[in-house]
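J.: Residue numbers (the working numbering), protein chains in the order written: chain A, 525 to 1184; chain B, 854 to 963.
One or more of the hints may lead you astray.
Label-pair ranges, simulated between beta-carbon atoms [said to hold, decoys possible]: (1) G935(B) <-> A1100(A): 34 to 42 Å; (2) G1158(A) <-> T877(B): 36 to 44 Å; (3) E890(B) <-> A1100(A): 55 to 63 Å; (4) S923(A) <-> E859(B): 50 to 58 Å; (5) E890(B) <-> E883(A): 56 to 64 Å; (6) Q1074(A) <-> R962(B): 47 to 55 Å; (7) G935(B) <-> T1070(A): 29 to 37 Å; (8) G1158(A) <-> P951(B): 39 to 47 Å; (9) Q1074(A) <-> E890(B): 43 to 51 Å; (10) G1158(A) <-> E859(B): 40 to 48 Å; (11) G892(B) <-> S1007(A): 42 to 50 Å; (12) P944(A) <-> G935(B): 44 to 52 Å.
These are computed hints drawn from the structure, not numbers from a lab.
Cβ atoms here follow ideal geometry from the backbone N, Cα and C, with glycine treated the same way.
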Amino acid sequence: MHLPRGLSFRLAASILSATAVVFVLITAVTYQMAREALLNGANDNLKNLTRATVNRIESVLAPVLRVPRGVAYEMEEGTLSEAGMWQRERRVLDDNAEIYGMAIAFEPFGRSKSQEYFAPYTYRSPLGPMQTNLGGPAYRYQYMDWYQIPRELGHPIWSEPYYDQGGGNALMATCSVPFYHMVEGKRQVAGVVTADVSLQWLKRLVDSVMVLNTGYAFLLTSTGTYVTHPAEGVPFNETIFSRAEEHNDANLRSIGQDMIRGGSRLVETTSLHTGKRGFLCYAPLPSTGWSLAVFAPRDELLAEVNRLSLVTGGLSAGGFLILAIIVISLSRTIISPLRRLAGAARAVAEGDLAAPLPEVRTHDEVRELADSFAHMQGSLATYIKDLTVATASRERMESELRIAHDIQMGILPKLFPPFPDCGEFDLHATLNPAREVGGDFYDFFRAGEDWFCFVIGDVSGKGVPAAFYMAVAKTLIKAVAESTKKDLAAGPDPGSIMTRASNDLAQDNESCMFVTIFCAMLNMRTGEVRSACAGHNPPLLLPAGTGPAQWLPVPRQPVAGAMEGVEYSTASFTMAPGDTLLLYTDGVTEAMNPAQELYGEERLSHFAESKRGFVNARAMVEELERDVTAFANGAEQSDDITILALRYLGANHDAGNCRA
Amino acid sequence: MEFTSEKSGAFLLLMVKGRMDTITAPEFEAECVKWLETGEIRLVADLSGLEYISSAGLRSILSTAKKCKAKGGDIAFCNLSGIVAEVFSVSGFSTLLPVLETREQALGRS
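Bound conformation, chain B alone:
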């Protein structure tokens, strides 16, 4: 998995690219934890580059969300497509976590 990040207002925008499976899932969590530790507690993950997500990936996302919450921040997801959107939908993650259509919506949250 590859990550690129940029600061946007109060948020740190994280562009995720690749596959989030059993092997790579911990990378996402580690990347987010890295930002959390630098004080960036409001994260927005742009998943437009994510090709696949497994249940291990979901677990990693859940764990990250909990860690954000514990720090008093949050994490939102946007630009889901294809199988990733389907997995989020079937697993109900789209109702558990803030999932938005576009990056602007995600960055426009209060």
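Excised from the complex, chain A in its bound form:
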């Protein structure tokens, strides 16, 4: 059986999703924290690297600067002769490998009124050191930057780097230091000492700065020109501002402005060279006013963090997988008996009470459920078995009761009119048992030449016992009447018939049942009626004329069958042609409507009077039945309803004569 999105799915899903969230959170937080820690460390490293590189450059540049400065001091002291100057220059070159050339340039006409340019210059050439005197109409050095700027500023300056064409095609920069002499008490510029310094080492040094894989360093002059840069063609050709302009990079522009101002910062930016995001750390070279920048790519810095996160994530994912397997298999273990139990429950619901139940080995709630279910299955099986037996037994009983009903109805005379030849009277009767069988009965039969016997009775109680008693009572009355009719010359005597019948009924009547009976004999010739009443409702007599319906004044005598030795008397009256006698049991007068009202004797007598002009006995009986049913208005019939109507028509009626 497949249960999509069942309990195990939901269980596993909720546990696993919660776990996944926790794992992801842990991984994310770990990554964040590690990244911050690493970035902080990396930034410190970057700053240190920048500072160390600056220091290394400074450690070379500062001594270099001291050389022209020393020469400048010597010039101010005025101790050197012209030859001394040449010698000094030569010695400087010999002593300082990084100095490619040195010039001591005097103010025009500063050395001698006759000589405009005096600037002994010693430089290295492929053939060895060479010496020359600078200046001339073609080279008016007093207007050159290397001369004019320190002269005007009054302190040493470094020139922009340049490639020296003559001096070995090397990257050079010139350091110019002005020197002074006193003229009329005033300190005046006397000249400028320059040293051409090879910067090849600087380029190598800066280029050798390796940061991770794609990190790099570059050097800017105080005007923003690149001195070194890993990109081909950038050094000396481009400034940081031209690059910023070219790429429309405002951030780079502001970085450049800060760099040439001598700022020192660490900023996050995107490298135009590698296109990577990263951190740029820059610091000034104090002695030159240049600025060194080192770029570290972020992704490479974070590679470690990423690796760490990857490991954490991998571990989390692995743990999650293991957890998932455990949770799913555990929930399957828990749920699978439930599923099998559900299957068994369905089988049981479909009627298979012997459906095998899953065996649950654990001692938990599922086991309890399975046990309860097994108990229920057992109880259900027992119950259904009992029910089947009970139903079968009830069906048998019902079938027997139906047959009993048919038998009971069969022993009542049902042929109407009973004696079509007899024109003296018209009779009709009906019996409606409240249950399948009842205790009411009626009967009628010829009792001799002139006499016609009719009986109505009501056994105490209802159902099968009453039905038995009714059959006995009815049979007995007829038997007694038949056996006595020949003995009585004076005609039949219902009182004595009743006395005998009651005595017979009372004998061995252990159940103490009894029966009310009204038994009457009609003399068809004269209309005389002899009757005996054993505790039965008196019949209603509806006279043929205009008189009111009246209850027959029969003597009150005990019910039949109650005790032995009860004597019944006979009463007698005469019916006029057209008179109707209505016999009934208390099922009529005690019929109840939903408001708990009784049909009652008054209603009965009104009904009878309203039917004075009735057609025949059958119509009378059937209409009374309908009237009672209408009155009950759906309320359950609590007692058998029996009605018998007899209309005396007279001896010489047109319809015929029994005796004829």
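Following the hints, put chain B in place on chain A, whose structure we already have.
T.: Chain B in isolation, oriented as in the chain A frame:
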């Protein structure tokens, strides 16, 4: 049905209250049988509190009367009223069994 009883001379007086129909009728018989078994064989039932009696009630009374008789005792009824008196009358029970007007008459029997 509710029963209260008291001893009065040779008789046990039983006051009956309620309705004696198909459902409750056996209670009356059971109550009387209970007294019969304790040796009280002369019973007087005061039916002034009885509101209704059905044929099942009559049967119960008849059965009780027979049981009293079998023990050598009897049962008398008094203070019948309304529909109960009518049922006793119509069914002829008033002639079958000793039925008296008042309690004194019932207890004054020989």
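J.: Hint by hint, say whether it matches the structure.
T.: So, going through the hints one by one against the coordinates:
1. G935(B) <-> A1100(A): 34 to 42 Å: holds (36 Å)
2. G1158(A) <-> T877(B): 36 to 44 Å: Since G1158(A) and T877(B) have Cβ atoms about 26 Å apart, the given range 36 to 44 Å is violated.
3. E890(B) <-> A1100(A): 55 to 63 Å: About 58 Å separates the Cβ atoms of E890(B) and A1100(A), which means 55 to 63 Å holds.
4. S923(A) <-> E859(B): 50 to 58 Å: holds (52 Å)
5. E890(B) <-> E883(A): 56 to 64 Å: Taking Cβ atoms as reference, E890(B) and E883(A) lie about 59 Å apart, which means the hint holds.
6. Q1074(A) <-> R962(B): 47 to 55 Å: Taking Cβ atoms as reference, Q1074(A) and R962(B) lie about 38 Å apart, which means the hint is violated.
7. G935(B) <-> T1070(A): 29 to 37 Å: holds (34 Å)
8. G1158(A) <-> P951(B): 39 to 47 Å: With Cβ atoms ~43 Å apart, the hint holds.
9. Q1074(A) <-> E890(B): 43 to 51 Å: holds (49 Å)
10. G1158(A) <-> E859(B): 40 to 48 Å: Holds: the Cβ-Cβ distance is about 47 Å, inside 40 to 48 Å.
11. G892(B) <-> S1007(A): 42 to 50 Å: About 46 Å separates the Cβ atoms of G892(B) and S1007(A), which means 42 to 50 Å holds.
12. P944(A) <-> G935(B): 44 to 52 Å: Check passed, 47 Å falls within 44 to 52 Å.
The structure fails hints 2, 6 (numbered hints given earlier, in ascending order).
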